[in-house]
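Whenever a hint applies, use it, and build me the whole structure from the sequences.
If you count by our numbering, then the sequence shown holds residues 14 to 388, one letter each, in order.
Any given hint could turn out to be false.
[To be verified] With a straight-line cut-off of 30 angstroms between C-alpha atoms, the simulated BS3-like cross-links for lysine-lysine are: (1) LYS37 <-> LYS55; (2) LYS114 <-> LYS37; (3) LYS231 <-> LYS248; (4) LYS321 <-> LYS69; (5) LYS54 <-> LYS99; (6) LYS321 <-> LYS385; (7) LYS305 <-> LYS18; (8) LYS321 <-> LYS363; (9) LYS50 <-> LYS99; (10) LYS99 <-> LYS182; (11) LYS67 <-> LYS363; (12) LYS321 <-> LYS54; (13) LYS321 <-> LYS139; (14) LYS127 <-> LYS37; (15) LYS37 <-> LYS70; (16) LYS70 <-> LYS55; (17) LYS127 <-> LYS180; (18) LYS67 <-> LYS50; (19) LYS321 <-> LYS221; (20) LYS54 <-> LYS114; (21) LYS67 <-> LYS385; (22) LYS321 <-> LYS114; (23) LYS50 <-> LYS139; (24) LYS363 <-> LYS69; (25) LYS182 <-> LYS248; (26) LYS38 <-> LYS363; (27) LYS283 <-> LYS18; (28) LYS99 <-> LYS180; (29) LYS283 <-> LYS221.
[Said to hold, decoys possible] Beta-carbon label-pair distances, calculated as ranges: (30) ASP226 <-> ASP58: 49 to 59 angstroms; (31) GLY72 <-> GLY200: 18 to 28 angstroms; (32) HIS109 <-> LYS229: 20 to 30 angstroms; (33) ASP239 <-> SER102: 22 to 32 angstroms; (34) ASN128 <-> ASP58: 12 to 22 angstroms; (35) ASN128 <-> GLU250: 18 to 28 angstroms; (36) GLY224 <-> GLY282: 21 to 31 angstroms; (37) LYS18 <-> LYS221: 43 to 53 angstroms; (38) LYS363 <-> TYR222: 19 to 29 angstroms.
Note that these hints are calculated values from the structure, not bench results. Ideal Cβ positions, reconstructed from N, Cα and C, are used throughout, including at glycine.
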Amino acid sequence: MTETKHVPFRFDYVGSFLRPAELKKARADYEAGRITKEELKKVEDECILELIAKQKKAGYHVITDGEFRRAWWHMDFFWGLNGIEKHASADGLHFHGETTKAETAVITGPISGKNHPFIEHYKFVKAQEDENTIAKQTIPSPAQLLAQLRIPEFAEQNHSVYPDETKLKEDIVKAYIEVIHDLYDAGCRNVQFDDCTWTLYADRSVWKYFGIDEEKIKIIGQEEADLNNAVIAGKPEDMVITTHVCRGNFHSTYASEGPYDPIAPYLFGKENVDAYYLEYDDARSGSFEALKYVPDGKKVVLGLITTKHPELEDENRIIRRIHEVALYVPLENLCLSPQCGFASTEEGNKLTEEDEWAKLALVRRIAQRVWKDAD
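Shown next as structure tokens:
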């Protein structure tokens, strides 16, 4: 399948999947020097092929590599850019009750997207497409990279390479456009920007920490939209770029909370993506009212099914919630998915692979009850 007119699909998913035990072991063995990079790749390839077969068997029309070649949903992409390297940090990222590994991305030279390793990763998935499926490439948004490079611990070093932040933004845009065009040349027509920056700034409880007020959130919102839009403006015409926005997803915990309302005029009203994958699985996400800013014709993929716990949602309740959203976005422009991936980091969420596929079966089953064209 090469057409993108149905992207996103009525029943869809974000992209990451729980890592199989043999993959986790192989990655640990590689880090410990017990196996070679080539031996690790062989295990990755085998696990990805098994995953894609399961995605197809589950009836889904989009395929991904489950992010099996990554440790993080975002860091591995950053580390793949020229001019950015992996560094240890003093502390990990703080989620509610847990902390991630202490790793970050640091600028060491001019940033570019030349020869990014994700291109070869994509080609492997692309080769598995058939008449019923299209490959999706997930990458962190440009705004997510800028936020990462602003972390205070390494701000001085990053500033020494880029004393002018305007130049830094320009090079981020150029690097992303280079990667996107390389993906396009490899056959990619379906790219998803993963982005947790919007919901971080939407969380009013952290405004004091970041020195944010009602006026500053307008500046931040415009900056976020402008940076992402500058990359989108450079994409090939027939490439679909969507975005996934959530409040953090690590080992079934979360990083931020609060409704989309403070950033909705910018995220929905000004960001030029083709569709939004949105987290709406519990009360932390707030009401659907913020969706009134979604422009006519844009699609919204409702993340009403959680990946954070194994219990299956009540189908009728989810259907009622879908129809509640239809008060703001027409039903024909809505789709359904889990609220995030199942393993934004290699640790994965606290559920089994059996639970994972039960969740995806539920998504498909509900979509087929709601939309006649969900097949």
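Can you list which hints this structure breaks, lowest number first? Hint check: nothing fails, all pass.
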